[in-house]
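Colleague: The primary structure of each chain is shown beneath.
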Amino acid sequence: MQWETVIGLEVHVQLNTKSKIFSGAATAYGAEPNTQACAIDLGLPGVLPVLNEEAVRMAVKFGLAVNSNIAKRSVFDRKNYFYPDLPKGYQISQFTHPIVIGGELNIDLEDGTTKTINITRAHLEEDAGKSLHEAFKGQTGIDLNRAGIPLLEIVSEPEMRNAAEAVAYLKKLHALVKYLGICDGNMQEGSFRCDANVSVRPLGQEKFGTRAEIKNVNSFKFVEKAINFEVTRQIEILESGGTVIQETRLYDSQKNDTRSMRSKEEANDYRYFPDPDLEPLVISAAFIEKIKQELPELPTAKHARFMTQYNLSDYEANILTETKAIADFYESTVKIAGMNNSKTTANLMIGELNAALNKDALEIENCPINVEQLAKLVQRVADNTLSGKLAKTVFEFMWQQPQDPDLIIEQQGLKQVTDTSAIEKIIDTVIANNQKQLAEYRAGKQQLFGFFVGQVMKASQGKANPDQVNKILQGKLS
Amino acid sequence: MHNKSITELVNNLRNKQISCVELTKLFLERIKKYDQKLNSLITNTEAQALTDAALADQAIANGTAGLLTGLPILHKDIFCTNGVKTSCGSRMLDNFIAPYDATVVTKLKAAGTIMLGKTNMDEFAMGSSNETSYYGTVANPWNTEYVPGGSSGGSAAAIAARLAPAATGTDTGGSIRQPAAFCGITGIKPTYGLVSRFGMIAYASSLDQGGPMAVSAEDCAVMLQAMAGFDPKDSTSVDREAADYIKNLNDPINKLVIGMPKEFFSADLNPEIAKVVESAIKELEKLGATVKSISLPNSHLSIPAYYVIAPAECSSNLARYDGVRYGYRCENPVDLNDFYCRNRGEGFGAEVKRRIMIGTYVLSSGYYDAYYVKAQKIRHLIANDFITAFKEVDVIMCPTTPETAFKIGAKNKNPVDMYLNDIYTTGINLAGLPGLSMPAGFVNKLPVGVQIIGNYFQEAKILNVAHQFQKVTNWHKQSPQEFA
Amino acid sequence: MSFAQDDVKKLAYLARLAIDPLATSIVEDLSNILQLISKINEINAENIAPMEHSQEVSQRCRSDIVTEQNVRDLMQAEIPEVAKAAGLYLVPKVVE
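Order-wise, the sequence lines are chains A, B and C.
Each number in this note's numbering comes from the position in the first sequence (counting from 1) with 58 added on.
Each number in this note's numbering comes from the position in the second sequence (counting from 1) with 2 added on.
Each number in this note's numbering comes from the position in the third sequence (counting from 1) with 4 added on.
Isolated chain A, as found in the complex (with noise of 0.2 Å):
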């Protein structure tokens, strides 16, 4: 029997606003708890919710971003159920008329090919606190600090048939609201939480099998396992005659397993009806149009302008475009050193930069070397002042110890030494000291050419430069 894998995501992001979505309280991570739930979050009697303007603008930058509709009308409705996290005993969200419908993502597959995943739909909703189980004896802890920050809950058609092609389709998601400027995407710290929708199907059937949803992944790589496990789990119960429960199930990290959570049956009533305290939400043409205007370049535009203007390869503009923080860093750097020096640049990141980073784990956010610096070592290569190999080695000095190169160069006396004439000397007293191999040399080893290279290059402690070299030591050994 041949299964078909079919997912569809639902992602919540947590807008970055200042302010929650129906108080004025502050949204910063980390405070102590409950010092950030006024009044309104904690649903005293009598508090009345009003709408945070900032959060609209993020949806309708988002809706934007997906070539979505944004709807001129939307309603807030009250989605109700008791959890002591929720504080009115009710989420404020948007259930018949969301802010958002339809939209597309393309996500690139691992064969290099690119596939559209449609959205069907995104709203706005308030979060809930959190809940800590295991500081107190027989009890639960309840911070509000979180209840009331805006959430933007994105939801993809179920058109994702593998693993893969969902963490593909989080990680653009994850770079785009990134990209916007509208989510910080730390996903440690629940910005940015996915529930996967995951059922299988005999390939060729038309309808849709009974699906798990799974809740509590953190990362890209646990949202691989867990889909991966989940799969495997429904195709062992459906071969042996089994029928899969709709419920939710919570994926274990430790483990590497997801286990029921609760049977989505119970939950299930939660007699959404419009909220009578808000008023339903007018979005003119010439609100989206403003907000259009101030949409900060996306992501496929940047690529394709980098390779022109830049004169990238798509693998480079690739690279180079991934997260906003990257491209901004080139692009600053860029600005210093020179367009003409824009693959040098590119070479210079793409290399060394790129790979120390991942070395130390680091973002390009915390990056030790400043775009100034890093300038600075692109345009010494540019002038000649160092080699490939000798920009290396002050990039490597530079990473341990930040600082302008021309000091490194100064103080490590690394200056590429271009001048013919010491080059000749050096040159010199190498072939006067290997009579024997210049012999052999000119009885025909031509190989021995790259023995005479090493030896000058030894000789100059690496600062020869090597085209010059090899032009000369041409000459001197014919």
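Heads up, some of the hints might be wrong.
Stated by the list, open to error - Over the 10 Å line for every Cβ pair with chain C, so calculated as not near, a few chain B residues:
1. Asn252
2. Ala412
3. Lys479
Said to hold, decoys possible - Per label pair, the in silico range of CB-to-CB distance:
4. A:Glu352 to B:Ser7: 55 to 63 Å
5. B:Ser7 to C:Ser6: 47 to 55 Å
6. C:Ile47 to B:Ser7: 41 to 49 Å
7. A:Gly160 to B:Asn386: 32 to 40 Å
8. B:Lys393 to A:Glu247: 56 to 64 Å
It is worth saying that the hints were derived from the structure and are not from the lab.
We treat Cβ as the ideally placed atom computed from N, Cα and C, and that holds for glycine.
Here the structure of chain A is known, so what remains is to put chains B and C in place on it, guided by the hints.
Modeller: Frame of chain A; chains B and C shown alone:
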């Protein structure tokens, strides 16, 4: 002194014919003397009142007095008052000290009023008799064996007994107008969105409105002037230019067209009540108004629609009362479920629980379209009936209630018996229109109220009509002998 | 139109209300109310939209600024000691 109008009292205070402290003491003493019989107050804020009165005297001396400086008032215990117990008539909030002021409270404070206390009410504003309060039934000052009406029964009784010159109330299905009628006082429910709901504990969010209750329409106008106005903290608050409710009180009504809905004057109406209402309308005709028969064909559905929509919204609004962050907590909960179920089961009274369950039912999957959505459609039809009628008439008049006050306990066998009180009032809440009740006579020695309904934001007009009526009649000046 | 005991039990649980399971009056009362509200079935309201708000207002927005400071002490002042610890609210343990 206690029979004077607000305008007179405020003038007396300003002219230093009486001090604020003296006036506050006067009413506090009346409360001490008479409220045991009525049980109209839940909380007495005597100490703070005297402090505030002293400050008011200073303001008058400094020339910084406001519109209502020194006027003692009562607040229905549904309005959050900072640092003062706010119970909403419920065991659930018996231990709740509000950490902030409702906007209505802030505005009336800013106008200079002095709060004497918080009035008793049906639990969470659900009731028409003030018999569901955790703090006991309120008695009607006209006959203490009878109910004062509800849910603003405490405010109504206190005004009728002249324990304060003014009180705030709230009206979701008639809770200002009906007790005003039962107690022989004047009360107005403004257009939905005119008075801020911030800090006014929610029962049914799309229907609730706060409003003044006092001896006369003129007094209500002065109070409404201070209470009304746009509040950015309430998303349903309407942002429109402030109106003047006082300057039009004396406009002549010789061109007024009064609509009488034929459905409200059917053969079912108690003929004695009908007589009072018709007499009142005749008085207005003497002043030049004309009468037109109109029809509100869907009015018979207002009670059923109301008892779908209000419970639905309340079931959700009251979900926050779970004992976690404030409110009643049961002893020794076994687990989380027990904690929730007993906090709420023990904290809420029977009527509240009934309405929460009905509300839960009409919102639940499978019933939502047939009940909640259908009721909202009927609501639209009811509103349209009024809008159509107002093309022909300026105001609509009818009885406020189908009968006078009933005996305490008389309608407790079947909750529906109680609901049928609301026949003339609920439609106005569903449509969001302004409605006023004023006393217009007696039947069996109990007051009868007449309702004046206006078009959207026509509070000035209905207050004007009521004031003109009160200039040529004395019903509103009467108060029970026992509390004279 | 009426409720059965079981219906009432389910509703009470959905609403987290402890009710006396033996009290038949609750079932009766609710059934009476159900009968009253079922009158809305008397008419056909196909051609009219539901009216959720009596005023046609569109939602106003507020600026994205922090206007509330830390009010934890004020908010937790009146609740009993058993209900709070280390700034958190305490409830009987939640079992997932």
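Colleague: If you check each hint against the structure, which ones fail?
Modeller: none
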